[in-house]
Amino acid sequence: MIDLRRHNTVLVGHERYFLFQTETRWRMVHDRCPHRGGPLSLARRTPDGRRLSCPWHGTKIGVAALCRTALPMVRSGDEATVVLPGTSQDAPVSVIRRRILANLPPDADAETDPTDCNSSTGSAQPH
Amino acid sequence: MSTGEPHILHGANPYRRMLMPDAMSEVDFSASLGATELTSHRSLAAHRVLGTFYEAETILLPEQGLQDLRTDFDLFYGTDLRRLRESSLSDLEDFAFGFLDDEVDVTGAWTVEALDAYFQHAVAEADAGESPALTAITAARRPTVAADTYLVQLALDGLTEASAMSKNLGGAYGPEQSALFKIFIDEFGYGVHDAKHTTIFAKLLRSRSMASHVHAYWNFYLAAPLATNNYYYYVSRDHAKFFRYVGAVTYAERVFAPSFVKMIATYREVFGDDVDLHYADEHAHIDQHHGRITRDEVLLALAKRHGPGVIPELARGIAEARLLGSWFDEDTAAQIGWADTIGYHRELGLKAAAESDEGRRIDLAAGSPFGTRSHDRTTALVVADGELDLVTTATGEPDRMTRGDAVLIPSGRLYGLQAVSPTCTYEVRPIADQ
Numbered sequence: 003m004i005d006l007r008r009h010n011t012v013l014v015g016h017e018r019y020f021l022f023q024t025e026t027r028w029r030m031v032h033d034r035c036p037h038r039g040g041p042l043s044l045a046r047r048t049p050d051g052r053r054l055s056c057p058w059h060g061t062k063i064g065v066a067a068l069c070r071t072a073l074p075m076v077r078s079g080d081e082a083t084v085v086l087p088g089t090s091q092d093a094p095v096s097v098i099r100r101r102i103l104a105n106l107p108p109d110a111d112a113e114t115d116p117t118d119c120n121s122s123t124g125s126a127q128p129h
Numbered sequence: 004m005s006t007g008e009p010h011i012l013h014g015a016n017p018y019r020r021m022l023m024p025d026a027m028s029e030v031d032f033s034a035s036l037g038a039t040e041l042t043s044h045r046s047l048a049a050h051r052v053l054g055t056f057y058e059a060e061t062i063l064l065p066e067q068g069l070q071d072l073r074t075d076f077d078l079f080y081g082t083d084l085r086r087l088r089e090s091s092l093s094d095l096e097d098f099a100f101g102f103l104d105d106e107v108d109v110t111g112a113w114t115v116e117a118l119d120a121y122f123q124h125a126v127a128e129a130d131a132g133e134s135p136a137l138t139a140i141t142a143a144r145r146p147t148v149a150a151d152t153y154l155v156q157l158a159l160d161g162l163t164e165a166s167a168m169s170k171n172l173g174g175a176y177g178p179e180q181s182a183l184f185k186i187f188i189d190e191f192g193y194g195v196h197d198a199k200h201t202t203i204f205a206k207l208l209r210s211r212s213m214a215s216h217v218h219a220y221w222n223f224y225l226a227a228p229l230a231t232n233n234y235y236y237y238v239s240r241d242h243a244k245f246f247r248y249v250g251a252v253t254y255a256e257r258v259f260a261p262s263f264v265k266m267i268a269t270y271r272e273v274f275g276d277d278v279d280l281h282y283a284d285e286h287a288h289i290d291q292h293h294g295r296i297t298r299d300e301v302l303l304a305l306a307k308r309h310g311p312g313v314i315p316e317l318a319r320g321i322a323e324a325r326l327l328g329s330w331f332d333e334d335t336a337a338q339i340g341w342a343d344t345i346g347y348h349r350e351l352g353l354k355a356a357a358e359s360d361e362g363r364r365i366d367l368a369a370g371s372p373f374g375t376r377s378h379d380r381t382t383a384l385v386v387a388d389g390e391l392d393l394v395t396t397a398t399g400e401p402d403r404m405t406r407g408d409a410v411l412i413p414s415g416r417l418y419g420l421q422a423v424s425p426t427c428t429y430e431v432r433p434i435a436d437q
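The listed protein sequences correspond, in order, to chains A and B. Using our numbering, you'd call the opening residue of the first sequence number 3 and step up by one each time. Using our numbering, you'd call the opening residue of the second sequence number 4 and step up by one each time.
For the record, the hints were derived by calculation from the structure and aren't laboratory data. It is possible that some hints are incorrect.
[Stated by the list, open to error] One-sided and incomplete, this derived list gives chain A residues near chain B with beta-carbon spacing under 10 Å:
hint, residue
1, T26
2, R27
3, P74
4, I102
[As the list claims (entries may be wrong)] Just some of the chain A residues that point at chain B, by a computed CB distance under 7 Å:
hint, residue
5, R52
6, R53
7, S55
8, H59
9, L68
10, A72
11, M75
12, G79
13, V85
This structure is a prediction, so every number in the text was calculated from the model and none was measured. Don't be surprised by glycine CBs; every beta carbon is placed ideally from N, CA and C.
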């Protein structure tokens, strides 16, 4: 269970997932570019808003394709419950608050500092 | 329809329900309810109408026979009301439940395994959680009255049990249909009326010396319990929402058994052996099976058969049932708390009245039709002339108020008034929330 007012990034083992907003819908997506594993959470949207441009090598990832592989998630108000992959009930999961640049509109300030993030760690039960 | 009667309880006439015409006329139906408004007066008013509309699609016959009620029967099921119902039902549903589209969102790539994992998480959380309503009963100054208030909310469904479910039994959808029917027939005592769940619920009410005819306690149903009951009709009436219904009923059937175990413990603590808990025992037992049947033979079976296209809808139903169930409990707990502390709220009312401007004045005559209402905002009620009874529970003693008395009514709290003197006047003053 994630409190959406506080968190938007989840670390499961070595894999990171982040909340990606399209229109009014939130999706929990893999923070890994399929090219070389770049951090999609730091990607910029293309001007048409349909793709993300990976900050490592500029690979363009379609938003629709990214959404199709999102983790199963139910949002109810400010809470989200995510079904995480390949975790047992006892596996540790870190929940991290971090500012996700990929959610910014394409014309937002490109120089926003990703370290300006109020990071904190917590725990969540894997489901 | 107004009952036109001064009684606190409704008579044995399932066709007339007090809708408080004056209070209804205040409601702005142009803007839909928000997620935080489920216990508001707007919500109460809408769900009273909605529940009546839904039940007009079921068969309600009074136990004493139709002899004196044939005219009301003809009106309730008649063409005029049917046309009104059919022309406004969908708009009223949008008004009352539209917020769910924003409040609950299901995304991602779902599988049968993911659905089951989510379901197991939701029920584990429910099993581990406290019931605010049961806690409120235990903490109440008058626990017997508080326990009755909870029974009243259960009576909403308990006396017409499984009526919404009946809408999903027709059609042809394979083994899942037969599995759902097994649950339905359990509710109806396998055709044995004495074993029917409504029959044993009526027994529970009578053991508390409470009335057991359908909607005797209409005036005391709270907004969130009404909304919860209506939700199951809402997702059953529209078969496009069938998979949402399945998610919701699976969650409900699974969490019922442990919740009735908790209820039994609370009621034994309050009443000892002076209450017939056959109904609660029955559910604590049979709903273990219903929880298993709905999960294995309906929810997961439908997910496997019909694939990822329907699984998000099934998950959505689970989430919505969980949400509404929590509101049911919280609303009931809040009403128990308020009705149990009227003395304190009278003190607050005097203070608030001294600091507020004059409000709307309302005259009330002895013998006027009795009804209950709530307010969207916290309100001070001040008696300007005469004497009246403030009624906040179905079975507790009302609180007598005379000229100069006041009471603070928190937003969403249900109350009714009865004039004791031949006429009386009271003021309603909205209070700015602190």
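Hints violated by the structure (numbers, ascending): Numbers 4, 5, 6, 7, 8, 9, in rising order.
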